[in-house]
Every structure is written in C-alpha cells, then in structure tokens.
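Enquirer: Build the full structure now, drawing on both the sequences and the hints.
In order, the protein sequences belong to chains A and B. Here my numbering is used: the first residue of the first sequence is 831, the next is one more, and so on. Here my numbering is used: the first residue of the second sequence is 826, the next is one more, and so on.
Check each hint, because a few of them may be wrong.
[What the hints assert, rightly or not] If the Cβ cut is set under 7 angstroms, some of the chain A residues that face chain B in the computed set are:
1. ARG871
2. SER873
3. PRO874
4. PHE875
5. GLY876
6. ASP877
7. THR961
8. TYR962
9. LEU980
10. LEU981
11. PRO1071
12. GLY1072
13. PHE1087
14. GLY1089
[What the hints assert, rightly or not] Taking lysine-lysine and the DSS-like style, the derived pairs with C-alpha atoms no more than 25 angstroms apart in a straight line are:
15. LYS1016/B - LYS982/A
16. LYS1245/B - LYS982/A
17. LYS982/A - LYS1242/B
18. LYS982/A - LYS1073/B
19. LYS982/A - LYS1063/B
20. LYS1260/B - LYS889/A
Source of the hints: derived by calculation from the structure; they are not laboratory data. These numbers were taken from a predicted model, which means no experiment stands behind them. Even glycine gets a Cβ: it sits at the ideal position worked out from N, Cα and C.
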Amino acid sequence: MQRTVFRSWWLPYVLVFPQMAVTVVFFFWPALKSLQLSLYRVSPFGDTMTFIGLENFTKLLADPEYYRSVANSLVFAAGVTVLAVAGALVLAALATQKIRGLAAYRTLLLWPYGIAPAVSGIIFLFIFHPTYGVLPYFLSFVTAYEFNWLLKGWVAMTLVIAATAWTHLGYNIAFYIAGLLAIPGAVMEAADVDGAGPVRRFRSIVFPLVSPITFYLVVLNMVFAFFESFGVIDAVTKGGPGDATTIMVYKLYKDGFIGLNLGSSGAQSVILMALVIGLTMLQFRFAEKKVTYR
Amino acid sequence: MPRTTTVWRSITGAVALSALVALAPSPASAKTEIQFWHAMPGQLGDATNELVKQFNESQSEYEVKALRKGTYPETLTAAIAAYRQRQAPNIVQVFEVGTQTMLLSGAVHPVYQLFKEQEIAVDWKDFIAPVVGYYTKDGNLYSMPFNSSTPIFYYNKDVFQKAGLDPAKPPQTWKQVEEYAKKIIASGAAKCGFSTGWPSWTMVENMHAWHDQPFATRRNGFDGLDVQLLINKEFGVKHIGQLAAWQKDNVYSYGGRAGTADPKFINGECAMYIQSSALIGGFTRGVKFAWGTGQLPHWGPPYPKATSIIGGATLWVMKGKPANENRGTARFLKFVSETNQQMWWHVTTGYLAISNSAVKNLEAGYHFKKNPDQWTAFAQLTKGKATPNSQGLRLGNFVQIRDVIESELENIFAGKKTAKQGLDDAAAKSNDLLKEFAAANKQ
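Expert: See the structure below:
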C-alpha cells in the first residue's frame, strides 16, 4: 500500500472536515442531547427542566412493558434479519444463473428497496387487512381460521417482519449478486470436475466465500431492524394489538412524540444506542472469527 | 449508514434552496400575517382553507396563512418544536385530549383574555354548553372550539329490512342491539352485528358519560391533578365484558383503532356502527345502501342517562406574539365563531355548530327536518341531563392513556385477559401516567 503524503499539514483536516461536521451535527450532537434529556424531567413545551438523575432509567427498568418492547425488538430484528438475508442469498443465487432476461430480473429484484417503508406498509395493508385486504378474502374460501392481526399478536408480528424484510431485500440482493459474481469460475469448475453437486458446491465454496458479505449484511440488517423499521410499524399496526408489535424504537416514538414524555424517550434512546453498539461489538468480536476474508 | 449521502445531499439542497428563497426580494405587503397550523385532512382541509379564504377576503388588514402540519399529534409536536425555537404559529389546532397539556403549558394565550384585551365582545353564553365546558377553566374559555363531534349510532336500513326489523326504528338499548344483531346474523342479512370506531372514545369515555358514571376521580380531572381512573369499576367491567362476550359470536366485531373499522360498516359486513357524527358527510357521499342514525344505545336502569361528550379539536393561541398579530388572531377567531360561518361549517363538514344561534337558524331553515341525521348529535348533547360526569374529561398525558386503554381493550377482545384484569391493568398504568404528569406540573 502506498502512503499518501500531504504537502501541507492542514489539507487533510480540511478534506475530513465536511464528513466530521455532518457526523458531529447529525449524530453526536443529537446523541449528546438524548443523553442530557434522559437525566431530566421535561415539560412538554420545554419551559421547565428538572434534574432527576437516573429516575427515567430506573422507572423504565422497573416497567414490564419496557421489557416486552425489548423482547419484541429481539424477535422482530431476528426475524427480519434471517428472512431478509437468507431470502436475498437464495434470490441472488437464482439471479446469477445463466438465464434469459437476466438484467430485467436483477433490476426488478432491486425495486423494493426504492419504496419508502411507510408506502410498503400501506401496500401490505391493502393486501392483508382483515377488513378490506385482498388476501384474507381469498383465504376465507380455503380455511375458516381468521388471520385477524387486529386481535392476534403473532399474526401482526409475522406481518410486520415480512413487510420490513421485503423492503430490505433488494439492498441485500445487490450485495450478494456482486459477491457471487466475484467467485472465480475456475474454482467452481474444479469442484465440478471433482464431482461436487450443487449443494456441496454451495456449502463448501459459495457460502464461505460470501461469508464476509453475509456478516456485513447481518450487522446492517440488525441495526436497520432496530432503528429504521418505524415506518412499517406505524403504517400497519401502530404497535398493536395490545403491544404485540411495539418494538423499542416505536415505544420511544410513542412516549416521546405522542406522549410528550421527552425524558423517558431520551432514556430509551440511550439504552437503544447502547444495545446496538454492544450488539455490533459482540458480532465483530465473535462472528468475525468464523468469517473468511479473502 | 447507507443513506447518509442522500440525506446529506437533500439537506444541502434544502439549505441552498432556502437561502435562495431568503435572498429573493419579498413583495412588500402591508397585511399582517397570521400563521395557523392545523391537522385537517382531505375535504376537511379544503373546508378549513375555504373558511380562511373567506376571512382574508372579508377584510384587508390581516392575512391568515393556513398550513396543514399532519395528524393531530404531529401538529402538536410541530408547534412545540417551533415554540422552543421561538417560531411558534399564532394559532394551532389541538385535539381534545391535548387540552390539559396545553392548559398547563404556560405557552398559550387564553382566548377569553385575548378577547378582553382586544375589546372584542363575544357572547359566551350563546355557545353550546357541553362543547365549551370541555375547554373552560374557572369559568373562562381557554381555546376556541373549532371542530367538535360526538359519537352516534349508525345502522344499515337495507339489512334491517332484510332481517325483518323495522328500518325506521334503531335500537335504543344495548339489549336491543344484541337482540337485533342475533336476528340479523341468523337471517344472513349481514355477517356481524355492530362495530365501533375510536374504541376508547366511543366505548369507554362516552359510555361512562352517557350512563352518568365517573371516568376518573376529582370530577373527571377538572378539580385537580391527583386523579385516578375509575374505568375498572362495576360499569366499565360490565360493558367491556359484554363487548368481549359478543366478540365471540360476531354480535360485536372489533375493527381496530381510530377509523379503521369504517369499512366494516361501509361494505355492509356489520349492520350497525358507532362512530363520530362527523362521518355523516362522508357516509352521505360514500355509502351505497340506505342508512340512518340514532342516539347511542343505553343499558337502562339502574344507570341514569346523561349526555355524551365531544371529541375533535380547538384553536389555541400561542403567547408572546406582537399586539397587531394578536388583534388579527382575535378577529379571525371571532369570525370563525360567528353564526353564518358556524352554519356553513356544520353543513359542509358535519362537525357540530358551536353556538345556539347557529343551531336555531339551522332549525328555522328546516335544515334538521331535511337532514334528520344531523340533528342526532345535537339532540344527544343538548337534550339530555348534563352532569359532572358528562361535561368532559381533563387528564394529563391523555394521549398515552387512550393508547393504554386501547391496548388493553385489544387484550380483552382477543381473550388474553378478562375485562376486569384488562381494565385493572389499564387503570394502573394510566394512574402512573397521571402521577407522572402531576409531578411534572407541580403548581
């Protein structure tokens, strides 16, 4: 590797400045503000702020409802990640076969990513809504079981997981297609000659070779599911029924922006931040050992 | 984060654009601008804009700028954020559950005071008591009622006919609702008996008022902040328990929160429906079958009958604005409350007219004779006995409390909890929220 040397001492700082400014203003500053908020009891209009130490945190940690939102988040994130990553690998494998109209398929596969989460939520509503959805209407001819997710928690959870995974599928597929195409043809041919079937080839060659991508996508999808899945849930279930689909980030929104309890909302975002940082570190520390980088 | 660059690009774009806008020479205007943020969607938004346009054309000193800021909670949040930046609008529309938050915010200019300062006379006594009462503190009106409605009973006349029921006679009691629903289902005229919109508002808040039962201690919160909910007492448990039982055989069919159950009635799945009176306009345009309205069903003795309570929103005036703007704000609010505008607003949107003189004029013009369904809500609000239990609710953190109640209702209707358990849990959680609010607003 060649080391780039700058003539003037200030140039690198100038070049880095814009990125740092964005990071500080849009990431660190809000994070610090949340940290500050989490230690106060704030009136809705922000006129009075009372320092209450860790009371926002102790209250949360004594609240069974909060633990339910954590459990919901874990189920949700795991579901979304497994579905979106595994689904993407399968679809990408199919989209790297030699078939007619390949370019069209690949383009179509990327489309869902271009759809805003709230919009995809609305689409899912029109398909699955127990009152006016298309699918329940047809299902009612096949089975008497009512998939009424307005009252059945597990159906609601399955639905938001599917909707969220679907929106993120295209992004994952793009990475996998690139990864699969980068596998040298010679390796595959050699395995073919040695008599390895498609399953064996996939397990012994393809899977290890795309494992860095898988690892990256798992981390990214996890973080995505924790942080950015708000739109789908707000559009489809609003956290219900009961609180079956109230994940942490949705509870944070409800308490902060609808309930105007900014202190508790701040404390929740601090916990969420810590959780995601911890999760990512854990993954890097333990999962990285099993990942093959080339 | 993968989207950072696009976000950054759109931010720089927006900044550049706003800089351009700021640099552009603004047309010299002598009119004082009044910012008005509201949450009225679709046709209601059009009606609001029309009202504003009428005001702007009625005089030359002030220009009211109406801006839709999203849903009710979004509008409130936007106003709060703007207030913190000292950029608050002059007028903001806040839904009824935000009343206590606004009252104690210290950020508002009470309308009674505004009118007094501006020496604009308003005949407060002409306003309909159950509407004004909801927003009055110590005998003074704090915000100007704008869009008010109350839940009423809707029914499908075609289905009634098919099931052999008299389509001119909606049920009056819950016993009749059950009896009719069973007949309707047995005859195959419809799949389900009845459904409800806004579950907490129609089935918990209004049912307590309608049966003269307290919803919360301290006169439903009007007398102080140390409030506790009473929805888990005998009446609440009986009513909600009955709904849960009916849910099992489709006499009742839960259709979600807010207005998500509307299609159940519109597409004929449920023969009866309890929803806001403000839906009359929409139903008139969008419902294919013959339908009618009636007053809310009642359980009868031993429960007395009072009035229902309102929902909707009012206009709050934000404090700290210059005197000339305040004068324009007062003029606009006065304009909105005048008889002609009230009549127009009621006829156009289906929301209630808020002054007795507007109602009298509508009566004189045979409006209610021609549109009997529009009379149902007025009758329900003004002809019953007004009691402390039916004057409204004043609770802090009410938005969250409604959410808590609706979550627990879902647990009850799904059979995960009994009515007693669910309502006990809802009350306990709500009481914590009320305690939290009291602590944050120590006076």
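Enquirer: Hint by hint, note whether the structure agrees.
Expert: Here is what the structure says about each hint:
1. ARG871: Holds, because the Cβ-Cβ distance from ARG871/A to chain B comes to roughly 5 angstroms (cut-off 7 angstroms).
2. SER873: Constraint on SER873/A satisfied, holds at 6 angstroms.
3. PRO874: Holds: closest Cβ of chain B sits about 5 angstroms from PRO874/A, inside 7 angstroms.
4. PHE875: holds, 4 angstroms
5. GLY876: holds, 5 angstroms
6. ASP877: holds, 5 angstroms
7. THR961: holds, 5 angstroms
8. TYR962: holds, 5 angstroms
9. LEU980: Hint on LEU980/A: holds, closest Cβ of chain B at ~5 angstroms, below 7 angstroms.
10. LEU981: At 4 angstroms from the nearest chain B Cβ, LEU981/A passes the 7 angstroms test, so the hint holds.
11. PRO1071: holds, 4 angstroms
12. GLY1072: holds, 5 angstroms
13. PHE1087: holds, 5 angstroms
14. GLY1089: Holds - the Cβ of GLY1089/A comes within 7 angstroms of chain B, reaching about 4 angstroms at its closest.
15. LYS1016/B - LYS982/A: At roughly 20 angstroms apart (the allowed maximum being 25 angstroms), LYS982/A and LYS1016/B satisfy the hint.
16. LYS1245/B - LYS982/A: holds, 20 angstroms
17. LYS982/A - LYS1242/B: holds, 13 angstroms
18. LYS982/A - LYS1073/B: holds, 14 angstroms
19. LYS982/A - LYS1063/B: Holds. LYS982/A to LYS1063/B sits at ~23 angstroms (cutoff 25 angstroms).
20. LYS1260/B - LYS889/A: Holds: LYS1260/B and LYS889/A sit about 13 angstroms apart, inside 25 angstroms.
The structure fails none of the hints (numbered hints given earlier).
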